[in-house]
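Peer 1: Take a look at the letters that make up each chain.
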Amino acid sequence: DAKTTQPPSMDCAEGRAANLPCNHSTISGNEYVYWYRQIHSQGPQYIIHGLKNNETNEMASLIITEDRKSSTLILPHATLRDTAVYYCIVEQTGANNLFFGTGTRLTVIP
Amino acid sequence: DAEITQSPRHKITETGRQVTLACHQTWNHNNMFWYRQDLGHGLRLIHYSYGVQDTNKGEVSDGYSVSRSNTEDLPLTLESAASSQTSVYFCASSEDSSYNEQFFGPGTRLTVL
Chain A
17 DAKTTQPPSM
27 DCAEGRAANL
37 PCNHSTISGN
47 EYVYWYRQIH
57 SQGPQYIIHG
67 LKNNETNEMA
77 SLIITEDRKS
87 STLILPHATL
97 RDTAVYYCIV
107 EQTGANNLFF
117 GTGTRLTVIP
Chain B
79 DAEITQSPRH
89 KITETGRQVT
99 LACHQTWNHN
109 NMFWYRQDLG
119 HGLRLIHYSY
129 GVQDTNKGEV
139 SDGYSVSRSN
149 TEDLPLTLES
159 AASSQTSVYF
169 CASSEDSSYN
179 EQFFGPGTRL
189 TVL
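Protein sequence lines correspond, in order, to chains A and B.
Residue numbers 17 to 126, in this note's numbering, belong to the letters of the first sequence in order.
Residue numbers 79 to 191, in this note's numbering, belong to the letters of the second sequence in order.
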């Protein structure tokens with residue numbers, strides 16, 4: 017069963033920040049938030065994950081609200097190559113099972 | 079460089095035939111997974127393995143089987159292919175750790191006629 021809710025699609029202008037929201041109101045205390053993306057016809061690619069604190073890596077930033085019921089993935093300077101389907105996943109640590117859902121299709125516009 | 083490969087990349091078969099899709103990873107990961115992806119469903123977990131001789135059923139395991147005789151390979155077998163199994167199949171692997179970063183293969187597009 018889906019534990020997350022994401023908008024089906026979003027557009028973003030090239031060079032601008034892309035902010036992808038995700039609701040996970042039933043998240044449990046030991047469940048992580050993961051983000052993956054899938055560029056057309058390729059296998060999914062891990063982006064970032066977090067538990068409570070905001071996280072940043074070379075690809076993106078993850079902002080998790082204090083109550084942990086929602087999060088936002090931020091791509092600081094979107095490029096055309098960031099056009100993909102982005103999946104927000106809630107997963108219990110150590111469970112090793114990812115439920116992908118249908119994600120958000122992000123289109124970066126020139 | 080370490081990688082995960084799938085073969086064949088494209089396969090056309092007939093209903094009732096046995097089909098095996100190969101997955102090979104060189105990261106020495108203990109955990110391996112098979113997913114299928116259909117329009118409107120995202121990725122759905124078929125089977126997974128946490129190590130040699132270990133296999134587990136996922137969300138959509140009916141009609142599929144896997145075996146894990148070594149760390150590097152997790153072949154997926156369709157015992158008697160059905161048209162409903164026409165899909166894109168992705169293999170993934172991950173290491174034993176406190177978080178779940180899975181590395182995915184390029185996928186196999188299977189058509190069952």
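Because the hints were derived from the structure by calculation, they are not lab data.
Being a predicted model, the structure only gives us computed values, none of them experimental.
Built from N, CA and C at the ideal position, the CB exists for glycine as well.
Worth double-checking, as some hints may not be accurate.
On the chain B side, residues computed to face chain A include the following (Cβ under 10 Å) [unchecked claim]: (1) Ile82; (2) Gly183; (3) Arg187; (4) Val190.
Here chain B is said to cover these stretches of chain A; the calculated rule only asks that three of the stretch's residues, wherever they fall, bring their Cβ under 8 Å from a Cβ of chain B [what the hints assert, rightly or not]: (5) 29-40; (6) 80-92.
Peer 1: Next step is simple, just say for each hint if it's right about the structure.
Peer 2: Hints and how they fare:
no.: 1; hint: Ile82; in the structure: holds (8 Å)
no.: 2; hint: Gly183; in the structure: holds (6 Å)
no.: 3; hint: Arg187; in the structure: holds (9 Å)
no.: 4; hint: Val190; in the structure: violated (20 Å)
no.: 5; hint: 29-40; in the structure: violated (count 0)
no.: 6; hint: 80-92; in the structure: violated (count 0)
Of the numbered hints stated above, those contradicted by the structure are hints 4, 5 and 6, listed in ascending order.
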